[in-house]
Amino acid sequence: MSSATGAQGTQGDQSHGSASLEVEDLVAGYGEVVALDRVTITADAATITAVLGANGAGKTTLLRAISGMVRPRSGRVLLDGADRAGRGPEDMARAGIAHVPEGQGVIAELTVEENLRIGMMSWPGIAWRRAERAAALAEAYERFTVLADRRRRLAATLSGGERQMLVIARALVARPRVLLLDEPSLGLAPRVMTQVMDMVVRLSRENGITIVLVEQNARAALAIADRGVVLNLGRVVAAAEARALAADVALRHHYLGF
Amino acid sequence: MVEFLQFTLSGISFGMIYAAIALSLVLIWRGTRLLNFAQGGMAMFTTYIALEVIRHTGSYWAGFAVALAAGVVLGAVAELVVIRPTLGKPELNAVIITIGLLILLEGLAGILYGGQYRSFPAAFSVIGLKAGSTPLGVSRADVFVAVAVLAAALLLAIGFRYTSAGLRMRAAAFNATVARLSGIRVARVITVGWALAGLLGALAGVLVSPSTFLYPNSMDSIFVFGFTAAVIGGLDSPAGAVVGGLLLGVALSYAGGYLGSQGSDLTALVALGILVVVLMFRPNGIFSGARVRRV
Numbered sequence: 001m002s003s004a005t006g007a008q009g010t011q012g013d014q015s016h017g018s019a020s021l022e023v024e025d026l027v028a029g030y031g032e033v034v035a036l037d038r039v040t041i042t043a044d045a046a047t048i049t050a051v052l053g054a055n056g057a058g059k060t061t062l063l064r065a066i067s068g069m070v071r072p073r074s075g076r077v078l079l080d081g082a083d084r085a086g087r088g089p090e091d092m093a094r095a096g097i098a099h100v101p102e103g104q105g106v107i108a109e110l111t112v113e114e115n116l117r118i119g120m121m122s123w124p125g126i127a128w129r130r131a132e133r134a135a136a137l138a139e140a141y142e143r144f145t146v147l148a149d150r151r152r153r154l155a156a157t158l159s160g161g162e163r164q165m166l167v168i169a170r171a172l173v174a175r176p177r178v179l180l181l182d183e184p185s186l187g188l189a190p191r192v193m194t195q196v197m198d199m200v201v202r203l204s205r206e207n208g209i210t211i212v213l214v215e216q217n218a219r220a221a222l223a224i225a226d227r228g229v230v231l232n233l234g235r236v237v238a239a240a241e242a243r244a245l246a247a248d249v250a251l252r253h254h255y256l257g258f
Numbered sequence: 001m002v003e004f005l006q007f008t009l010s011g012i013s014f015g016m017i018y019a020a021i022a023l024s025l026v027l028i029w030r031g032t033r034l035l036n037f038a039q040g041g042m043a044m045f046t047t048y049i050a051l052e053v054i055r056h057t058g059s060y061w062a063g064f065a066v067a068l069a070a071g072v073v074l075g076a077v078a079e080l081v082v083i084r085p086t087l088g089k090p091e092l093n094a095v096i097i098t099i100g101l102l103i104l105l106e107g108l109a110g111i112l113y114g115g116q117y118r119s120f121p122a123a124f125s126v127i128g129l130k131a132g133s134t135p136l137g138v139s140r141a142d143v144f145v146a147v148a149v150l151a152a153a154l155l156l157a158i159g160f161r162y163t164s165a166g167l168r169m170r171a172a173a174f175n176a177t178v179a180r181l182s183g184i185r186v187a188r189v190i191t192v193g194w195a196l197a198g199l200l201g202a203l204a205g206v207l208v209s210p211s212t213f214l215y216p217n218s219m220d221s222i223f224v225f226g227f228t229a230a231v232i233g234g235l236d237s238p239a240g241a242v243v244g245g246l247l248l249g250v251a252l253s254y255a256g257g258y259l260g261s262q263g264s265d266l267t268a269l270v271a272l273g274i275l276v277v278v279l280m281f282r283p284n285g286i287f288s289g290a291r292v293r294r295v
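Line order of the protein sequences matches chains A and B.
Residue numbers for the first sequence follow the working numbering, beginning at 1 and rising by one.
Residue numbers for the second sequence follow the working numbering, beginning at 1 and rising by one.
Simulated from the structure, these hints should not be mistaken for lab results.
Heads up, the beta-carbon is just placed ideally off N, CA and C, and yes, glycines get one too.
Any given hint could be a false lead.
[Stated by the list, open to error] Computed from the model, here is a short list of chain B residues facing chain A with C-beta under 8 Å: (1) Thr177; (2) Val178; (3) Arg180; (4) Pro210; (5) Ser211; (6) Thr212; (7) Tyr215; (8) Arg282; (9) Pro283.
[As the list claims (entries may be wrong)] Pulled a few chain A residues facing chain B out of the computed Cβ check, cut under 7 Å: (10) Ile41; (11) Asp44; (12) Val70; (13) Ser74; (14) Pro89; (15) Ala93; (16) His99; (17) Glu102; (18) Glu114; (19) Arg117; (20) Ile118.
My request is simple: use the sequences and hints to build the entire structure.
In structure tokens, the structure reads:
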């Protein structure tokens, strides 16, 4: 017991570790419907991978299958080479995968600070790490000053942009190695959207977090991503450098609508 | 005026018992969106256990402690064994199972202890207290009832508000998806909720039985009033459960006191009347307004 906590403790002491994420031949669906048909993607450590495609292409299901919200029927989900497919979301969170679901990330009935503290629940031995918890909160408030001013307010009182900041801040408090973001810019004003995208870039460059970004706004996503993956009806139809995808006029017209 | 004071004080004492049952229902509702119809039956059963312990040890407090512990165990075991398999299936399944559990527990108590009424000791003197020469209509035992439930409710509130375990429970209740994605083991949190509910139910059973006697159905009406109190308060709100319990206890005490000999027969009707009026003006209960559920 003591050796296990010790080993996990050292892992938690680093602010953020990096990890590669590989998805191999993943098949997942709901009932009769196959939403993902042998999907394979590779995200190198500390890179941003944009997952693009029309509604119903399987983008959200892909994130849900990686984070354990949907149990894959077959295939592998490798975090730094270790297969974790079929684990529940609690275990995935503890393994270092943070999933920010679309539009429902904050718990409106809790205060801003309580929402942030939820992010620490995946830490091993959280009860004994009082000083570290305080430091993690201070760090979050330093980075997101908007939240510092509103720490005792209910999350329900925040604006859309502030909520998205809170959700991302909470995901960071968890010190993830892989961050799955589902439509982080949805419903935000253009200026706020730019702020969120800037934040995503900094998380990857400064903290070394591996990011998988699902976006409707393909142009904005490809502008900040290292690689892009295009899904159509549950299958990967293109995977390449983000710059190459953005330059491929035929592909853009056909699948991405710009 | 003296009568009014007496009715109010005794109403508060009974109201706290309804509050304890209401609180136990709220704990389970928040975790699983399920009404536990066996809550009263579980409380009745743990009170029989307390009576056995008191008889063998001669100590009221030993029986009291064992009843609370038995409530915790019974709540957790019920959730793990019969409720867990129904989660994610139609809600009616779980409801029917809690009714089945109630019938099972009442039947079992009948087989083990028989159907006759048994007297259950009170923690303190049941002789009415007086202020000067004015009788207050309540005894030391009644004061203990109010203090015990209030202490339990306060401890719960503090635990919910200021501890990590409490935050986990609230997160799981408000948004299970986000809770799980954050690494909170929601299934475990639900079991803890049932265990705490079992504890509160056991407390209510031990506290009410000196006035109602103990028999296999003795908690049925208490459960109905506790349920009414929970709905009045809004099933989601622990504070609402306590307020609803007090409101109902005092109202029923006035009805029983002022309406004369028919009053005590009318209590169920009065409870129904209060429920209807509250739900007409606040369909989600008194304490539901401030919450924002869908965004």
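Consistency of the hints with the structure:
{"no.": "1", "hint": "Thr177", "in the structure": "holds (7 Å)"}
{"no.": "2", "hint": "Val178", "in the structure": "holds (6 Å)"}
{"no.": "3", "hint": "Arg180", "in the structure": "holds (4 Å)"}
{"no.": "4", "hint": "Pro210", "in the structure": "violated (39 Å)"}
{"no.": "5", "hint": "Ser211", "in the structure": "violated (37 Å)"}
{"no.": "6", "hint": "Thr212", "in the structure": "violated (37 Å)"}
{"no.": "7", "hint": "Tyr215", "in the structure": "violated (41 Å)"}
{"no.": "8", "hint": "Arg282", "in the structure": "violated (18 Å)"}
{"no.": "9", "hint": "Pro283", "in the structure": "violated (19 Å)"}
{"no.": "10", "hint": "Ile41", "in the structure": "violated (20 Å)"}
{"no.": "11", "hint": "Asp44", "in the structure": "violated (24 Å)"}
{"no.": "12", "hint": "Val70", "in the structure": "violated (12 Å)"}
{"no.": "13", "hint": "Ser74", "in the structure": "violated (22 Å)"}
{"no.": "14", "hint": "Pro89", "in the structure": "holds (4 Å)"}
{"no.": "15", "hint": "Ala93", "in the structure": "holds (4 Å)"}
{"no.": "16", "hint": "His99", "in the structure": "holds (5 Å)"}
{"no.": "17", "hint": "Glu102", "in the structure": "violated (11 Å)"}
{"no.": "18", "hint": "Glu114", "in the structure": "holds (6 Å)"}
{"no.": "19", "hint": "Arg117", "in the structure": "holds (6 Å)"}
{"no.": "20", "hint": "Ile118", "in the structure": "holds (5 Å)"}
Checked against the numbered hints above, the structure breaks hints 4, 5, 6, 7, 8, 9, 10, 11, 12, 13 and 17 and satisfies the rest.
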